[in-house]
Structures are given as structure tokens and as C-alpha cells.
Amino acid sequence: MLGVVGTVPDLAVPLIHGPVRLVDGHLDLTGHRIPINRGTPALLAAALKAHESIQGPDIHAFLVGDIGKGEGSRRLYRFLEQHLTEHRFDVLTFHYLQPDVDWHNKVMFAIEAMRRRPILIADAGFMYAAKMSGQAPAYDIFTPDVGELAFLADETAPHPFYTRGFILHETNKVPDLIQRACHHGNAARCLLVKGAVDYIVVRDRIVATVDQPSVEAMEAIGGTGDTVTGLLTVLCGAGLAPADAAVFAARANRWAGHHANPTPATQVGALIDKIPLALAAAGAGGRVV
Amino acid sequence: MFGSLRKKKPQSSPRDKAGAVDRGILVFENTSEVIQAEKALKKAGWAIRVMGPPPEIQTGCDLVIEFPLIEELNIVRELRQAHVPPLSVVPVTAPLLAPVDLFQTKDYGDYLMVRAANMKITIAKKDQRIVNISGGGCPDVPYLAWQMVGKTLAEAPRPRDLGHTLCGYALDLAFEEICRKC
Chain R
2 MLGVVGTVPD
12 LAVPLIHGPV
22 RLVDGHLDLT
32 GHRIPINRGT
42 PALLAAALKA
52 HESIQGPDIH
62 AFLVGDIGKG
72 EGSRRLYRFL
82 EQHLTEHRFD
92 VLTFHYLQPD
102 VDWHNKVMFA
112 IEAMRRRPIL
122 IADAGFMYAA
132 KMSGQAPAYD
142 IFTPDVGELA
152 FLADETAPHP
162 FYTRGFILHE
172 TNKVPDLIQR
182 ACHHGNAARC
192 LLVKGAVDYI
202 VVRDRIVATV
212 DQPSVEAMEA
222 IGGTGDTVTG
232 LLTVLCGAGL
242 APADAAVFAA
252 RANRWAGHHA
262 NPTPATQVGA
272 LIDKIPLALA
282 AAGAGGRVV
Chain H
8 MFGSLRKKKP
18 QSSPRDKAGA
28 VDRGILVFEN
38 TSEVIQAEKA
48 LKKAGWAIRV
58 MGPPPEIQTG
68 CDLVIEFPLI
78 EELNIVRELR
88 QAHVPPLSVV
98 PVTAPLLAPV
108 DLFQTKDYGD
118 YLMVRAANMK
128 ITIAKKDQRI
138 VNISGGGCPD
148 VPYLAWQMVG
158 KTLAEAPRPR
168 DLGHTLCGYA
178 LDLAFEEICR
188 KC
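Chains R and H are the protein sequences, given in the same order. Counting in the numbering used here, the first sequence runs from 2 upward without gaps. Counting in the numbering used here, the second sequence runs from 8 upward without gaps.
I should point out that these hints are in silico values taken from the structure, not numbers from a laboratory. Glycine included, each C-beta is placed from N, C-alpha and C at the ideal position. Check before you lean on any hint, since a few could be wrong.
[Unchecked claim] Just so you have them, the derived chain H footprint on chain R, three or more residues with Cβ under 8 Å:
hint	segment
1	69 to 76
2	217 to 224
[Claimed, not checked] Once the Cα atoms are required to be at most 27 Å apart in a straight line, the calculated DSSO-like pairs of lysine-lysine come out as:
hint	chain 1	residue 1	chain 2	residue 2
3	H	Lys50	R	Lys70
4	H	Lys188	H	Lys133
5	H	Lys49	R	Lys70
6	H	Lys158	H	Lys188
[To be verified] Pulled from the structure, derived: some chain H residues nowhere near chain R, Cβ distances all over 10 Å:
hint	residue
7	Gln43
8	Arg56
9	Leu76
10	Glu85
11	Ala89
12	Leu94
13	Lys113
14	Thr159
15	Leu160
16	Glu183
Bound conformation, chain H alone:
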């Protein structure tokens, strides 16, 4: 019933004019849980964003979910129901790191390559078959390549469904971008 209202909720800045914190972050055990939680919350229509954690909780390969703090109880309940409860909920007190949103495309004639951050995906134009995945440094990259190379964009599993790291997440962004271009 409230889903449509939630979807229309505007994103506001981390602090309102009075300086009060109005955004919080959800912290999870690992990146896989963040990806699952993002899927559950977006499916339910919540206005959330995947962001980088503040320096004091960075470990090297992590994501957090930024959300409207006033909705904490509802969102945490939703996540419990989805079996991905957060480790903690922290108010946002400083700007968060934003994921990369810059894509680079290279046209090889018969092939098309898209790069997002450190990840590249290349397809054959004639049948949209994934022919190579390159870049990255986290251990799910070789696994994702193994699962995806040789399949068409329509057949291939989504990196966000199989990936567990920021490299996997970046590959998902590249995957989305190359799908948009086809």
C-alpha cells in the first residue's frame, strides 16, 4: 500500500538546514549481504543508495546502504524478513564515497567493450555473446568470468547475483551499461 509513496520520496541531503542528520547507513557483514539487501529494499520501493563506508569502518572491499533515517524501523524490519539484517545502523555525519558512475566504451568493429571502474566486459555484436571479462582484483572476478564468458547477455547470470565484492558490483554496472547499448 505504501510502496508507491515510498518510491516518490525525494532523496534529501545528509543534513537538513538545521544540521540534523536525516540519513543513516546500514552496515553489513560483507558485500554479498549488501547486494542482497539492496535488491530486497529496491524491490520494496525504498529510496536507498549503495555508497562507500566512512573511513572509520573501511576494511578495503566494502559497501554500505544509505537510507532515510526516519524509516529505520521499517527498513530494518524489511531486511529481517529478507534474512539480511544489518550488523549496525549508523547516522551519516560526513559525505560518503560515491560509486563510480563513469563508463568508457571501446568499439572494436565486431566487438564492443565497456569499462566501469576497473572492470571490463566485451561482447560479440552479432549475437551479444560475452567473449571476455577483464580487469579487477577481487577473487570473484575469475569466478564471474568463468560463469559468464561464452553466454549471451540474455543467458548470462547477473554479476550482482553471483558476485560478492566491489569488483563484482563494478562488473554489474558495466553489464548494465553494455545491455543499454545493445
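Isolated chain R (complex conformation):
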């Protein structure tokens, strides 16, 4: 089983969890119908599309409504602290959650108490909290974009909002930022750095780069980072090692963009529809073991 934890930008969505399905372009979770146009729902939609092509484990989602005040996130953190040990996951992915170090640490204690430790992936707000907690190396994979990599590289910044200018100026020097993030212990064991060139890093070593196909408009499209994290989750669940899964996910995400032929105004749903084609193009169609 794969676990995905995140939020939905709708306060009417209570804390819900269970097996999630993609029905008529919406998520179906415990009878709630949730649009997939951005955030954690986009991650889940990409993962479910990939799941149609790759016969991997099913996906169990934990979602709650939160529009930034953090109340939903804290309810979800509390729930995970109390109930995570009742679940078994091969991969557990954390996504859009209000960054909160104290709650992050409580969730980490719950993960350590699980019978079998899953592959841990952190993206978005939970990655911010993981970095600030000083426990980044406990994670298997982080998926920062270049701006977020600069934040990981800045040992003083508690949030990307405070990344110092002299480090932000270095965003054209991704390998230097990777070294700096690793040196300060602010990187997971594997990084998938999303950008014009995607970098796959194991510990402090760049093991692969992916730059084709190149679809410039993707940077502007909200949710393209979420889809790559969804693909990564499914590929890890299918048994690929984190670095191999990261290379496949980066390639497939680019192919989804290529097949959608987007402009900067395209919405991410158009790319999600192309994921089965993209996986085939990236060489990951069928069973991956």
C-alpha cells in the first residue's frame, strides 16, 4: 500500500482517509468528490493515472480541508500521531501541509513506531518542516524545485520566504546548491531537483540528469511539481530504487508535458491525462520491477 498525506483547499472537506480512486476526472475518497486541478489532489490524480499503467500497490490517501490557517493540517498531524501505526505502507508521501516543526517531530515519532518503516518522500510544506526540524537525512527522497533547493541550501532559512539573496542568486548553479544543502544536513538521502534540468542526487552525488523532452511552459503550470511527486510515489511502490524511480518520474513528467503540448496557460489536468502515454514513452509502461 502507498500512503499520501496532504490537504485540499476546501474547508468543507473533513479529515478523511481510505483507498482513493479517480472517477470522471475527480478524486473519490470515502464518497467525497474532489477536483484534481492542483496541490495534493493533483499529486494523487497523477499517481492514480500511473497506477492504471503500472500494477503497483493501491493508494491510501489522508486528506483534510485547509486553506492556510493550519487548523486542518494540525487535525491531520494529530490523527497521524495517534493512528499511523495501525497502517502498513511501502511508501509514505507527505505533501501540502502547514509547516510546523513540533507536529512534524510528533509524526516522525509515529513513523519510527511503525512495524516496518516505509520509504519516506517529502514535498511542499512538509519538506519545509522536515528541513527545519534538522531531520532531513531521515527521509528517503525530497523533491524540491530550484527555488526550494536554494532554501534547503540556506542553513539559516526556516522557510523559502527567508532564503538569503546571495544564495537565491545561485539558482543557476544547481550543483553548488546541492552540495551546500547536503553539507549542512538539509537534504534527504535522495533528491529529485525539478528545473530546466532535473537533477537526481544520492547523498551528495549527482547520479543522473534529465533534460528531455524540454517543455519550457511547464515551469509556469501550477501542479507540474505535484505530478512528478505522484509519479515518484507510484514508481517507488512498484519496487524501483529511489534514484531509479526519480529518473523515471522526471522523464515521464516531461513526456506528459510533451504530449499535452502546453502553453503557460495550460492547466495541469491536461498533463495528467497524458500520463499513460508518458510512462510508455519514458520506458516505464507495464510492470516495473
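Once you've looked at the hints, dock chain H against the given chain R.
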């Protein structure tokens, strides 16, 4: 009556030459309250700055307001009247983290994208319609995108009015920057 005088008040360093603290920070329950307090204080003409909190009170997604300590009583009174009283007032004893002030712009021909920190906003040049919002990791980002995408810069709500987090605040900076460029 004193508003114009306040506006002219120069910003000074956290410590004067004698080493005495002359700046303080206002600490709030959450980022939404900081944004409301900033609006109220700036509207009243106070010389304040939104900054990052010192490490001992950081939780991960927070802002504080730096202000001239000598004005504490007046500023706290103003905030009470605005219904956003601070949780506490603390003298500044060490340099505070400054928000990002570096913007990156990408011209796609028919579209223009501006990035501030981890947030990006893209508009169609022909009608200044917001076509995409990307980046960020706090839960108000998908909500802000939902509220803003499809509207023109003139029609769209300001991220600082709807946002609650540092990502929302960063998006507001990107929004201001793209408005300046149009």
C-alpha cells in the same frame, strides 16, 4: 494629526551607538494576524517592517513585525483598536531574517511569469489575465490559485487579503511585482 510625522520617522538600526535596544518585534498567533496587523499599521503610517522571527520562537511558517520600541504603547493601542492585538512584544536583540526581495521574470512571448521566493504567477499579456500560479508548499497556495486563476490582475483578490502563510505572502510580492511590470 501625527500620521505625517510618523511616516517621516527614519528607520534606525536595531541598536543605537550605546548598545541600547530601540526596535522591538510584535508576535502574533499566526501569519494571517501579522498580515492584518501590517495592513492596519501601514495604513496608519507607522514605520514598521515584516521580518522573520528569531530562532527561539520560529515554528516554521511565521512572520513578526519589527517596530520602533519607543512607540510600543501607541502601536499596541492601534492594534487593539484593529482587533489584532499581539501575543507578545519582544525587544530585538539579534538580526532578524529579512523576507526575500529578489524577483525573477520570465518572458514567454504572449505570457509573463514572475517568481518571488518559491512562488510564481503567470499572466497573459494581452488582457493581464492570471493563467497559472505555481510553486509553494503551504496549504493556502492551492486555495489562492483557485481564487485567482482566470481573473485579471485588476479583478483578482490580493493574496495578502486571502492568504495565511509565508507562501501567500511571497505570492503577494510576486503579484505586486507583476503589476509593476504591466
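Against the structure, the hints come out as follows:
Only residues whose C-beta sits within less than 8 Å of a C-beta in chain H count toward coverage, and the segment 69 to 76 of chain R has 5 of them, enough to reach three; the restraint holds. Note: the segment 217 to 224 of chain R has 7 residues with beta-carbon separation from chain H under 8 Å; the three-residue rule is met and the coverage holds. Straight-line distance between C-alpha atoms of Lys50(H) and Lys70(R) comes to about 24 Å, which keeps the hinted pair within the 27 Å bound. Among the hinted pairs, Lys188(H) with Lys133(H) is consistent with the structure: their alpha-carbon atoms are about 13 Å apart, no more than 27 Å.
In summary, the hint linking Lys49(H) to Lys70(R) is supported, as the alpha carbons are separated by about 23 Å, within the 27 Å threshold. For a cut-off of 27 Å, the pair hint linking Lys158(H) to Lys188(H) stands: about 17 Å separates their Cα positions. Separation of Gln43(H) from chain R is adequate, the least Cβ-Cβ distance of about 13 Å exceeding the 10 Å criterion. Interface exclusion of Arg56(H) from chain R stands, the closest Cβ pair being 13 Å apart, more than 10 Å.
At the 10 Å boundary, the C-beta of Leu76(H) stays outside the reach of chain R, the nearest C-beta of that chain being 23 Å off. For Glu85(H), the non-interface assignment is confirmed: its Cβ lies about 24 Å from the closest Cβ of chain R, beyond the 10 Å cut-off. Consistency note on Ala89(H): stated as away from chain R, and its beta-carbon is indeed over 10 Å from all of that chain's, at 19 Å minimum. Every CB of chain R lies more than 10 Å from the CB of Leu94(H), the least distance being 15 Å, so the non-interface label holds.
Not every C-beta of chain R lies more than 10 Å from that of Lys113(H), the closest at about 7 Å, which undercuts listing it as non-interface. Consistency note on Thr159(H): stated as away from chain R, and its beta-carbon is indeed over 10 Å from all of that chain's, at 13 Å minimum. The Cβ of Leu160(H) lies farther than 10 Å from every Cβ of chain R, with a closest approach of about 15 Å, so its non-interface assignment holds. The beta carbon of Glu183(H) is kept farther than 10 Å from every beta carbon of chain R, the shortest such distance being approximately 15 Å.
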